[in-house]
Amino acid sequence: MSDLLRRASAILRKDLLTELRTRQGISAMLSFAALVLFLFSFAIGPNTALLGQLAGGLIWVAIIFTGTLSLSRAFQTEELAGGIRLLRAYPGDPRAILLGKLAGNLVLLSILEILLFPAAGILFQVDFLPHLGPLLLVAALGTFGFSIVGTFFSALTVHARARELLLPLLLFPALIPVVLGAVGATDEILKGDPLGRLAGWVQLLASYDVILFVVCLWIFPVILEE
Amino acid sequence: MVSDVAPAVRVEGLTKRFGRRWALRGVDFQTPPSTVVALLGANGTGKTTLLRVLATLLRPTGGTAEVLGADVARSPDAIRRSTALMTPLGHAYDELTGVENLVFAARMCDRPAGRDGLLELLGAVGLEASADLPVRSYSTGMRKRLELARIRLIAPRVVLLDEPFTSLDGAGVELVQDEIGRWRSEGATVLIASHLVSEATRHADRTVRLREGKIVEEARP
Amino acid sequence: MKGQKTLGLVSLVGVGACTIFALFVLPPDRLQGEVQRLLYIHVPIAWVAMLSFFMVFLMSLLYVVQRKLKWDLMALAAVEIGVLCTALTLVLGSIWAKPTWGVWWEWDPRITTTAILLIVYIGYLIVRSMSDDPDQRARWASVIGIIGFVQVPVVYLSVFWWRSLHQPPSSPRSMASAFGTVMLLSFVAYTVAFTYLMIRRYRLAQKELAIEMRGPEEAP
Chain A
-6 MSDLLRRASA
4 ILRKDLLTEL
14 RTRQGISAML
24 SFAALVLFLF
34 SFAIGPNTAL
44 LGQLAGGLIW
54 VAIIFTGTLS
64 LSRAFQTEEL
74 AGGIRLLRAY
84 PGDPRAILLG
94 KLAGNLVLLS
104 ILEILLFPAA
114 GILFQVDFLP
124 HLGPLLLVAA
134 LGTFGFSIVG
144 TFFSALTVHA
154 RARELLLPLL
164 LFPALIPVVL
174 GAVGATDEIL
184 KGDPLGRLAG
194 WVQLLASYDV
204 ILFVVCLWIF
214 PVILEE
Chain B
3 MVSDVAPAVR
13 VEGLTKRFGR
23 RWALRGVDFQ
33 TPPSTVVALL
43 GANGTGKTTL
53 LRVLATLLRP
63 TGGTAEVLGA
73 DVARSPDAIR
83 RSTALMTPLG
93 HAYDELTGVE
103 NLVFAARMCD
113 RPAGRDGLLE
123 LLGAVGLEAS
133 ADLPVRSYST
143 GMRKRLELAR
153 IRLIAPRVVL
163 LDEPFTSLDG
173 AGVELVQDEI
183 GRWRSEGATV
193 LIASHLVSEA
203 TRHADRTVRL
213 REGKIVEEAR
223 P
Chain C
316 MKGQKTLGLV
326 SLVGVGACTI
336 FALFVLPPDR
346 LQGEVQRLLY
356 IHVPIAWVAM
366 LSFFMVFLMS
376 LLYVVQRKLK
386 WDLMALAAVE
396 IGVLCTALTL
406 VLGSIWAKPT
416 WGVWWEWDPR
426 ITTTAILLIV
436 YIGYLIVRSM
446 SDDPDQRARW
456 ASVIGIIGFV
466 QVPVVYLSVF
476 WWRSLHQPPS
486 SPRSMASAFG
496 TVMLLSFVAY
506 TVAFTYLMIR
516 RYRLAQKELA
526 IEMRGPEEAP
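Chains as they are written, first to last, in the numbering used here: chain A, -6 to 219; chain B, 3 to 223; chain C, 316 to 535.
Do not take every clue at face value.
Short derived list, chain B residues pointing at chain C, Cβ under 8 Å [to be verified]:
(1) F20
(2) G21
(3) R22
Selected chain A positions facing chain C (in silico; Cβ < 8 Å) [unchecked claim]:
(4) A42
(5) G45
(6) A153
(7) L159
(8) L162
(9) F165
(10) A167
(11) I169
(12) P170
(13) I204
(14) I212
(15) E218
In silico lysine-lysine, DSSO-like type, Cα no more than 30 Å apart, as pairs [stated by the list, open to error]:
(16) K385(C) x K216(B)
(17) K320(C) x K383(C)
(18) K216(B) x K317(C)
(19) K320(C) x K413(C)
(20) K317(C) x K522(C)
(21) K320(C) x K522(C)
(22) K383(C) x K522(C)
(23) K522(C) x K216(B)
(24) K413(C) x K317(C)
By construction, these hints were calculated from the structure, which means they are not laboratory data. Using N, Cα and C, we set each Cβ at its ideal position, and we do this for glycine too.
My request is simple: use the sequences and hints to build the entire structure.
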C-alpha cells in the first residue's frame, strides 16, 4: 500500500515539477476559464440579478470546460517521454499511475478554483465568503468526481485516433451527476439552503465519487494492457 | 543441450499479433543465466516485440514466455522487479533534469534516490556536466547515456537492450559494451537486439537470428 | 441451426401477433386515444433496451475475468440491439408524447436517462472502431461496458432529484395501469425476439472475427 502511494506520489511530483517548469497548463487553464466566464456574461447580458442566479451553473461549466482542456495533457507528457507503457514497465501496482495523474489533476483544478471563485464572485456580484465551509466541501466533491472520470477516460483515449471527439463523448454522460450535484449544491448554498436540500446533493456527489473511484481504480489496469 | 540449471529466459511457441499483423509466429528459445545473447535480424522481424513480451509490456497472443521462472502473463510483477528494458530512445521527461529523471526512476523502483549516488551514476556514463540541465537540451547520444544510467540504477538480473548502439559515437558504443561485459560478469543475463551485427556479437555467447517473427538460426559466434 | 430457425419463427409470430393486436384489435384508450397503441411497442422495446444494457455489462465483466473473445462478441451483439432499441424507444416515445403532453421532449428522468444511454452505447461503438486488434478492442470495449452500466443508475438518480426540485412530483404520465395481458405477452414476445437477434448477431460476429484473425502460419 505504501509502495502504491510512494509511486503515485513520485508521479505526482514529477508532473507538478514539469508543470512548474513550463507553466503551460495552468496559464492555459486560467485564461480559458476567464474567457468562458466573460463570454457567458456577455451572452447572458448585464442583468446582474440573473447572472447572480446562474452563478453556480456558470462557475461549474467554466471548471468543467477548463478541466477537460487540461486532461489530455496529463497523458501527453507520457507519450512524449516514450509512452505510458514504459511507465508501466516499473514494478508495482499500475494503479499508482491513475492515482498519481488524478492527484495532479486535482492540484491543478484546485489552483484554478481558488482563483475562479473570487473572480466569479466579482463578475456576478455574488458573495461566497459567508459560505466558505460548505462551498469548499462541494467544490472538493465535484472536482474529485470530475477528475476521476476525466483522468480515467483520458488514459483510455490517449491512443485513440479521434481523441478530441471521443473524450468529450465518453465524459459527457459520466459528468451529468457531477454537474447536477455540484451546481445544485452550490445554488442551495448561495440561497442559504432554505429547504434543507443541500444534504441530498452532497450525498449524491459523495456516493458518485466513491462508486466511480472504486470502479475506475479496479478496472484501470485493463486499459494499460497491450 | 540438456542443462540442469533453470533457464533465465524460456520461450515456447510464442506468438504475438497486432490486429492483422503477426509480429511473432511461434518462437522457441531458451537461454541459461549469466549469458549474453545477440538477437539479430533486420527491422520489423520481431526483435522489439520479443523483448517487449519478455519485459511484460505486451501480452502474448499464444504460447508461453518465462523470465527467471516467472510466467509473463501470470506473474508480470515479479519479472518487472528483476528485469529492465532499454529502449532506443529511452524513457526520460524533457522538462526534468538528468538527475531529476533518475530520482523519479529510483522512486519508481525503490532504489536509493539520494542526489550524491545519482550524480555518481551520471558521472559513470559521462553526464556529470549535464546532470542539472533539462533533458530537453540533451543530444540523442546524451539521452542514450542517461538511459544507460537509468538501467544501471535499476540493477536488473535480466537486461533487455533494444538497439543500444544506435545514435552513439565510438566512446558511447564502448561505454555500452563495457556495461554489457560488466553485467555478464555480475551474473546477469543480457539480451541484445540490434541490426549492427559486429557490435551485438562482441560479447555474445550465442546469437539468434529472427526473420518474419520466427527464429531461423541459432549459433555460437 | 434448426433451433435457431424455430426461435426466429416464434419471435416473428410473437412480435407480429402482439403488434397486430395492439395496433388493430384492441379498443383505443379512453384517455389517450389511438396513440396509446404505440405504448405496446414502445414499452417492450424500452425493456429490451434495458435488458441489452444489462447484457453488455455482464458480457464485459465475463470478458475481463475470462479474457475469452466470445464474451466480447456477445457484448457487441447486445450493444447493437441496444442502440437500435434505445433509438426506437426515444422516437416512439416522442411520437407518443406530442399528442399526449403537447411536447416532443421532456426533461423527465426516464427520458433523459434513455437519451444518455444512447450516448453511452454510441461511445461504446466508437471505442470499438478505434482498434483493429480484436484483443485490444475487446479490452477497451469491456471497460466502457462496465463503467457505462455503473454510470447510468446514478444519472437517473441525479436527474430524478434535479427534476423533483424544479417541478412538483405529479408527472403527467400514467403508465402503471396499462399492464394488461397484451402488454405482458408483448414483453415475452420481444424478449424472445431479443434472444433470437442476439444469437444471430453473435454467430455473425464469430464469422467476422474468424475472417479477421488468421493463423500464425499465414502471411500477413
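Restraint satisfaction for I169(A) [CB to CB of chain C, less than 8 Å]
Holds, because the Cβ-Cβ distance from I169(A) to chain C comes to roughly 5 Å (cut-off 8 Å).
Interface hint check: R22(B), Cβ to nearest Cβ on chain C, cutoff 8 Å. Holds or violated?
holds, 6 Å
Can we keep the I212(A) interface hint, with Cβ of chain C closer than 8 Å?
holds, 6 Å
Should the interface hint for A42(A) be scored as holding, given a Cβ-Cβ cut-off of 8 Å against chain C?
Interface hint status for A42(A): violated (19 Å vs cutoff 8 Å).
Holds or violated: K413(C) with K317(C), Cα cutoff 30 Å?
Status violated; Cα separation ~44 Å.
Restraint outcome when A153(A) is required to lie within 8 Å of chain C by C-beta distance
At about 5 Å, which falls below the 8 Å cut-off, the nearest Cβ of chain C leaves the hint on A153(A) intact, so it holds.
Hey, K383(C) versus K522(C), does the alpha-carbon distance stay inside 30 Å?
Distance ~15 Å between K383(C) and K522(C) Cα, so the pair holds.
Does K216(B) sit within 30 Å of K522(C), going by the straight-line distance between their CA atoms?
With a Cα-Cα distance of about 28 Å, the restraint between K522(C) and K216(B) holds, given a limit of 30 Å.
Interface hint compliance - F165(A) to chain C, C-beta minimum distance less than 8 Å
F165(A) check passes; min Cβ-Cβ to chain C is 6 Å, inside 8 Å.
Can the hint on A167(A) be confirmed by a CB-to-CB distance to chain C that is less than 8 Å?
At about 5 Å, which falls below the 8 Å cut-off, the nearest Cβ of chain C leaves the hint on A167(A) intact, so it holds.
Can L162(A) be said to touch chain C, with a Cβ gap under 8 Å?
With a closest approach of 5 Å, the L162(A) hint holds.
For the hint on I204(A), just tell me whether its beta-carbon gets within less than 8 Å of chain C.
OK, holds: I204(A) within 8 Å of chain C, min 6 Å.
Hint compliance for this structure: hints 4, 5, 18, 19 and 24 are broken, all remaining hints hold.
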